[in-house]
Every structure is written in C-alpha cells, then in structure tokens.
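Chemist: In order, the protein sequences belong to chains S and A.
Per the UniProt record's numbering, the very first residue in the first sequence carries number 1; after that it's consecutive.
Per the UniProt record's numbering, the very first residue in the second sequence carries number 1; after that it's consecutive.
One or more hints might be untrue.
What the simulated footprint calls covered on chain A by chain S, stretch by stretch (three residues with Cβ under 8 Å from a Cβ of chain S suffice, anywhere in the stretch; the number is not a length) [to be verified]: (1) 2–12; (2) 15–24; (3) 29–42; (4) 72–83.
Derived from the structure by calculation, the hints contain no laboratory data.
Glycine is no exception: its CB is placed at the ideal position from the N, C-alpha and C atoms.
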Amino acid sequence: MYVSTWDDFEKAAERLYLQDPVKTRYSFSYNHKRGYFKVKMTDDDTCLQYKTEVSQDLKKMEKFINHLMRHMASKEH
Amino acid sequence: MVFLENDTFLLELTRLFQKSKGTGTGQVSIVMKKYNGQDRPTPSLKPKKIKDKKGKVKETIVPKPKVHPVEQHSCLMRAKLHNRKISTVVNSKDVNRFQLAYCNLLKGNMDNLKKLKKTKSKTAKATS
C-alpha cells in the first residue's frame, strides 16, 4: 500500500513496528538513474510504502532511521 | 551473502552506490531489521507427509526444533545491488558511530534527487 505523505508513513510505520518489533523489517531502495527512492515497512501482513523524488524527504528519512535503529538495538523493543 | 564488519560494510556500500551511479543501472536496496541472535527462520507447523513401513502415507506434525535466540539486541543490515549482497550487525554500543557514518554516506551518494523549490511569496512584494 502506498502512502501519499511522509508524515503518514512515519506514523503508520512506527505503529506497525511497535506491534511486533521482531517480525517487522524496514527496507529502502534508491534508483540513481531515475532519481527516486522508496521506503517500505512490513511485517509480512501489512505493507507500507512511500516513494519520493524530493531530496528534502531524505533528511526526514534519516531522522526516522536513526530513531528506528536506536529502537532496534535497544532492549525494550 | 557476505558478512562484514561495520566499517567494511560501509565501505562496500559506498562502492555499491558508486557502481550504480557509474553504470547507470540498477537500484541499491537496504534492509534493516531487529536482530536477536536467531539466524534461521522459525520452522512452520505444517503436518509433514511421512511414509511408514507399510508404505502408507501418514500425516504427522513434526515437533518444532527449539530455536534459542541469544539474548542480544542489535540491528541487522543487508544491502544489495544486482547480485552483490552484503550484510552486517550493528551492536547497541556502536549505533551512534555507525549512524553518523551511514547518514553521511547516504547524503553523499544520493545526489540525483530533485530539490523542492520554495515558493516565494511574490504577492506580498507586489502589494507593498
């Protein structure tokens, strides 16, 4: 399922991750030639996707993965 | 899948980005997930068909071999371009250092994105 805005994606992805942290994975792909990147968050049940061509979204994405990586490597989740 | 140390992983990842840029083909994909030491999938609970001595097919549920995840909290990263696959595990104590390097890498290599132009409010000037 494609989400139309970054903020919606971020919120939904966070919720999905907290439901089942072990099962959920985050993936990201970048196509240099066509100049876009896609992010995806899935637990093999629900799948959230977001595609963008704007470089400003890269900054938001970085913030999000920093947050996510810290969560993944911590004990609680 | 080649398992690498954190620093070598970042180095290889840069190479992947440059390769995709140089050849102008393919896309670099990165997967990130929580890693608790379990390195194989949990076996399914589907009944297996096993032939007994008389040749009859029996459906039996094979008990799950128990997976003992090591008490470990880290983050597993995989990256792929074409058929080149690399992976690494980031431990919680290395997260900060890795993040910094990783973000710089992304910023430096993803340079074919559009910049959103700020819409200047010309109307405000026109009215004054």
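Chemist: Please go over all the hints and tell whether each is borne out by the structure.
Modeler: Against the structure, the hints come out as follows:
For the region 2–12 of chain A, the stated coverage by chain S is violated: 0 residues have a C-beta nearer than 8 Å to a C-beta of that chain, whereas at least 3 were required. With 4 residues bearing a CB less than 8 Å from a CB of chain S, the region 15–24 of chain A meets the requirement of three and the coverage assertion stands. Using a Cβ-Cβ cut-off of 8 Å, 8 residues of the region 29–42 of chain A lie near chain S, which meets the minimum of three, so the contact claim holds. Counting residues of the region 72–83 of chain A whose CB lies closer than 8 Å to any CB of chain S gives 3, so the stated coverage by that chain holds, three being the minimum.
In this structure, only the earlier hint numbered 1 is contradicted, and the remaining ones agree with it.
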